[in-house]
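Each chain is listed here by its residues.
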Amino acid sequence: MKEKDKENTAKPKSGISRRKFLKGVGVGGGVLGSGILTGALIPEGSGAQQAAAKIYGPMATPIDLVVNGQKRSLKLEPRVTLLEALRDHLDLTGAKRVCDRTTCGACTVILDGSLVYSCSVLAIEANGKAIQTVEGLAGSNGLHPVQAAFVENDAQQCGFCTSGFVVAIKALLDKHPDPTPEEVRMGLGGNLCRCGTYVGMKKAVLQASRKGGRPAPRRLGGQPNA
Amino acid sequence: MPEFNWPEPGTTTLIGKRISRLDGPAKVTGAAKYAYDTKRPGMLYAKVLRSPHAHARIVSIDTSEAEKLPGVEAVYIVQEPNTEIHWEGDDIVAVAAVDEPTAEDAIRRIKVVYEKLPHLVREEDLSKVGDRAKPAADQVSGDPDKAFQDPDAVVIEGFYGTSVVTHCCLEAHGNVAEWDGDSLTVYPSTQAVERLGAQFAETLKIPATNVHTLMQYVGGGFGSKVAVDRWGIAVAKLAQKAGKPVKLMLERKPEQMVAGNRPSSYAKVKLAAKKDGTLTGWQSDSWSTGGMAGGGSPPLPYIWNFPHQRKRHTAVSVNAGSARAWRAPNHPQGCYITMSAIEDMAAKLGMDPLDLLIKNIAITGERSELYRKELLKAAELMEWKSRWHPRRDRSPGPVKQGLGLSIHTWGGRGHASDCRVAIHPDGSVEVSLCTQDLGTGTRTVVAIVAAETLGVPLETIKLNIGDNRLPRSGASGGSTTVGGVSASTRRAALLAREQLFAKVAPELGATPDQIESSGGQVHVKNDPKKGLYWKQATAKLGETPITAMGQNPGDGELISSGVGGVQMADVSVDTETGIVKVNKMVAIQDCGLIIDMKTAESQVHGAIIMGIGYSLFEERVMDQATGRMLNPNMEFYKLAGFADIPEIVVHMWLDPEQQKRGVIGLGEPPTVSPGAAIGNAVANAIGVRVPTLPLTPDKVLLALEKGGMA
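So the sequences go chain by chain: A and B.
Going by the working numbering, the first residue of the first sequence is number 1222, and it counts up by one from there.
Going by the working numbering, the first residue of the second sequence is number 54, and it counts up by one from there.
With a Cα cut of at most 27 Å, we get these calculated DSS-like pairs of lysine-lysine: (1) B/K430 to A/K1424; (2) A/K1423 to B/K691; (3) A/K1423 to B/K637; (4) A/K1296 to B/K86; (5) B/K86 to A/K1292; (6) A/K1424 to B/K691; (7) B/K651 to A/K1423; (8) B/K321 to B/K181; (9) A/K1423 to B/K430; (10) A/K1350 to B/K92; (11) A/K1424 to B/K637; (12) B/K297 to B/K121; (13) A/K1423 to B/K70.
It is worth saying that the hints were derived from the structure and are not from the lab.
Hey, can you work out the whole structure from these sequences and the hints?
So this is what it looks like as structure tokens:
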């Protein structure tokens, strides 16, 4: 077994540590109570780590987010989560609020290359960082291969969990282009679907993987009246 | 008048094929906008103060501190002092503020004094519910006493039950309300766009013409989103007071507590059979709760019409959120109780339950021959005959394997629906009806029917749904949508096509009845050379589009009702940990004529997965000491995840005789059997019955211990 794989299987099934969400909750718990972000929690390299404590808020604070490659400047209270910043302040509503406490994965986005539950990351934690949301996946040539595979394999019903799964699978395939069944199980273990679309998702993962040959993205069927 | 029928099987280009859902691209890109995603200019956010008590009287409400908070723009008392509150989480006061955190701050400043009253929140032990029990009269048919007293009869007694489960829609209930004078626009999350408009108008006492409801996408409903809801009205009141749009979406906690659940069911059952396996007598003493209203009896015995029956049902009212229709209301409960008891009888007789069912198949009634064939097909796909073993897997090791089976039924007749089809001179086609697509594929089905009928590609169809100003097309519940919209769309498209043929026929030197439309051409039947391309044909309309209305019900046999299905489960049970794992499910499902095979199969897959959830994990856990729900969240109210999904084999019953019955609803029936099939497989594996769903490890271990097998 490769070292990387050992590390993978040793992680808990919930995908919690994979998403580094404990960090998010720890910060969230403290900050929601006090509005203070301590020095130790400031991202590395920000230069602020040496300070004993840097105080943000409680009033709105300037925050820069690099969302889907575009710099977006906002003024937000420190208690605003990354999910709320995306949805309520940037009108990027692909990431959904469902459980609001790191269980269901509907709010999944990619933050500096790592999957996070954006419901439990504060917007100030994402200050200056790159965020990729489901809205940023499709290119000028059409749907991302994961998205095209979702449509083709009917991996969505009501669609409310879909954005989170698409982002999680995109990240999975970036890391493991030919995922083993165990890697797929881990990669999808951090998200929940209520309609029961997992069968289509399983096929979609295979189709979008290198093994599946990544078909040319195309739009299927007609246009909904969206 | 055209002949209102479906194309002959085998002659279609779209109907019955595997077509990707039309709104897939919008959903996978995040472009699909739900009520939860709605943002209107100047919109306020609402929060609701909810009762912390299961049963109480409101003594006083003081909102003065909340009203003083900067950013708070409206406060609305939902339930006045002196009102009796019957469940935890019931709405008391609603607040609208500039943002959610401010609304939350305001909620915390409201002072409500309650007088607590005695509560009951648990019903699984009928001896402890006191005067909350409301027994109905006994129902007797045949001569049950004789059946049970027959000296040659084999009699078994059992206890079976299913817990209250919640809908757990991923998109919480809620809506945005916006006034313009005395006209109201609502953006709801609903299964009933049309009906909601009328409900708002009635409750707010404004003309129905003044309410506009709009919804393109809904994040799950499963039966729980067909009413305007108390909080829906509160949002409209807040918006009126504030003079601004207001949005309220429930937080996950109230969503789990008050926004819908499936009633429980418990039953003490006695069965009698002859030694050869002929089922003779049924006796059940059942009870259930659906909240304060108690719970109606599930259909017992389910499908199997025993010749001699005695049954009694008791409704138990508890102080917990009210039940709502939950995918196939009452069927999963009736099915679980009945099929479990029959399986236990088979074990007692030492018979393979498949043989017992087939021996007694005649008492299932009009669909008995279909069930027999479906059982044999399921057995083939599960390799039942070579893999089934008598109760209790005697192989070495702690992990035991077993097989179980069940059958189910559902109605699914299409609801009333009006559909307008317009063919424009430029060749574009508009199909309009106020239906909604819950993720079941309704959009795709309507477009397929219209495109097939007109002989044009799917892309030609511009579909308008989700707006109560469109022709009415009913709520989506009871698996009634697909039949309703397919029939109304087919009739409208046939009528529109007839008008087009009348215009085009002289051009082609033929009579209208000699014309047909296929492959993007309007041409003389069996002579594609004598024809016009679609756009050439529609250009003959001059400046006036064709419009036609189709209705359901209407002429011709386009729909019917009543389906049968069979499911089999293969499970492993770890007798040391009590963990149940489903290895494989086989589902055989009849649903008449299938419009889109791809989304139809998805309905069955989804139903089975939801079934695995309520069989193994899902349960509303109530605490009698505090009257509270202990798991109003998604970490302890557990849904099935990707790793819980077995191999699922779906076999749609495409018998031509069944297809001739027209379109029948599919969303509900396949979610009925999983509980019984999985429960029976567990009993087959470990040799004892785990009486109640969900089959959690603690219950499995307890059953093993009680059965002397721990």
